[in-house]
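Keeping their order, the protein sequence lines are chains A and B. According to my numbering, the first sequence holds residues 1 to 159 in order. According to my numbering, the second sequence holds residues 1 to 403 in order.
One thing to keep in mind: the hints can contain errors.
Stated by the list, open to error - Incomplete in silico selection of chain A near chain B, CB under 8 angstroms:
| hint | residue |
| --- | --- |
| 1 | ILE8 |
| 2 | ALA10 |
| 3 | ALA62 |
| 4 | LYS66 |
| 5 | GLY67 |
Claimed, not checked - Pair ranges (Cβ atoms, derived):
| hint | chain 1 | residue 1 | chain 2 | residue 2 | range |
| --- | --- | --- | --- | --- | --- |
| 6 | A | ARG37 | B | VAL396 | 51 to 59 angstroms |
| 7 | B | THR28 | A | VAL147 | 29 to 37 angstroms |
| 8 | A | ARG37 | B | ARG74 | 25 to 33 angstroms |
Unchecked claim - Some residues of chain A that are not near chain B, with every Cβ distance over 12 angstroms (derived):
| hint | residue |
| --- | --- |
| 9 | HIS24 |
| 10 | GLY27 |
| 11 | ARG57 |
| 12 | ARG104 |
| 13 | GLY115 |
Please keep in mind that the hints were generated in silico from the structure rather than gathered at the bench. The structure displayed is predicted, hence computed values, not measured ones. Heads up, the beta-carbon is just placed ideally off N, CA and C, and yes, glycines get one too.
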Amino acid sequence: MNGAMSGIDALYQEAIKDYARADHGHGRLDAASAAVRLDNPLCGDRISLQVSLAAGRIVAIAHETKGCLLCRAAASLLGKRGPGLDATGVTATTAALEAILEQRSPPPTDWPELGMFAPAGGHPSRHKCVLLPFRALAQAIQQADAVSPANQGADHREH
Amino acid sequence: MSEASALRAKFPLLVANPGLHYLDSAATAQLHRSALDAVVAHETGARANVLRGSYRLAEAADRAYEAARQSAARFLNAASADEIVFTGGTTAALNLVAQSFGSLIEPGDRVVISQAEHHSNFVPWQMLRERCGVELALIPVLPDGTLDLACLAQVIDGRTRLVAVTQCSNVTGARTDVAAIAAAARKVGAKVLLDGAQAVQHGPQDVQAMGVDFYAFSGHKCFGPGGIGVLWARAELLAAMPPFHGGGGMIGAVTAEGYTWAEPPRRFEAGTPPIAQAVGLGAALDWMMDLDWVPIHAREGAMCEALIDGLRRIPEVRLLGPEPSSARAPIVSFDIAGLHPHDICQVLDAQGLALRGGHHCAQPLLAALGVEACTRASLALYNDEADVAALLAGIVRAIGVLR
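Work the whole structure out from these sequences, hints included.
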């Protein structure tokens, strides 16, 4: 059982707990380009996330997240590092996270923090906890792109 | 050998995993060897479809399937095996009643459930309300999760046709005062359905003594296979109910113009039933009926009490559910401020403790108790004091890891 407990210490490493505690980006935006509420119905993780975009790029993120440490750490990481990303960046970052979880890939050099989720790779039931905030952000960007005429000319749009 | 060790020796999964503290029997109880052996014996010695086969193998399958029905009838003390309908599980049984008996309920008439129901005894009635305007009323719960019986006369009114409640909560373990519910229903001529999913792993039931009209349970909750369940209903109710699914086996005759119904219980068993699973369930029920439940209940109760006492000594823990422990089946749910049940369960798993955290498919109950999610330990006859001690130590350790 010692091996399992050291795995648990890695899963709940200080970085995860620090991000969850810091809860970067917690709150709501006064003027959001899009708002998304997503949950994992079987486990109860829930995030309400708002983004504000300018020229297709995130200028502010706010979220209220209820859930496990992994979900809250992921939301907090996005609260800190999300501003500046465009839709392509969100897609790429999410794909990198999925590769870390599912294929044990190393984190990309520009997102080393994603490495803290690597130990969750061995726990398939927890992947959705980590990914929920990323899915919410992807939906929010999509929604903002769809409704905002200001973004029509954004250079990342291909259609 | 202790009584618990002797019992554990009959459960192949527990034998294969001696370090496992399995505390999730409320979700799925482990499979008893007799049930597994019966499934294997049936599949290798008597596998054939039931009904209408005249070769010897098919007759053997028929006999095995009907013997399982007899076992279920004895387990529930049903008046007749014809009152036993095999279903896919408790959820399927409850949906059968909601669809079939539900179709006999007039718009504006009332179905009463409780705030403590599992989603499987909640959603089918909400669907019935949407489908045909039946009024759905709730028996509220008190802060300890027990039903507020003071409301019965008000909620179970003259328009009530059915009162469908759990026998004990899958979250708090709170036992329902079935006699009080049945009396209140009888006063207005309403029928009573009991969701027995959490009761059957704690011994045989007596549907006639309880004075109920419908009873539903699952095989996998009482040491039998998954994919099989039972709906019991009084013969006169089944006789008046229309079929739920159409198909082979449930008909009297079919012509191009139409069809007639078979008599119950076949009327409600369209298609090939889960035959081997029924046979396995029959074996599990036979085994349970041979046990002496008095010492088992005493042991389950003592373990439950020890667990509650131990949890009370951990300052961060908020216990859910009624006291004394005798007011509940051996199910104990708790909340630890600031810690999510999934994280708690993950750390417990690393210590060989299998528990479930989340909303336990009872979101209305959790809302009433003021929690989003909780961690649940459920005890069965194969658990012992070592499981309880390991859990209490594991929780303290989990708090240390996660804080």
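- [ ] Please write out, lowest number first, the hints stated earlier that are contradicted by the structure.
- [x] 2, 3, 6, 7, 8
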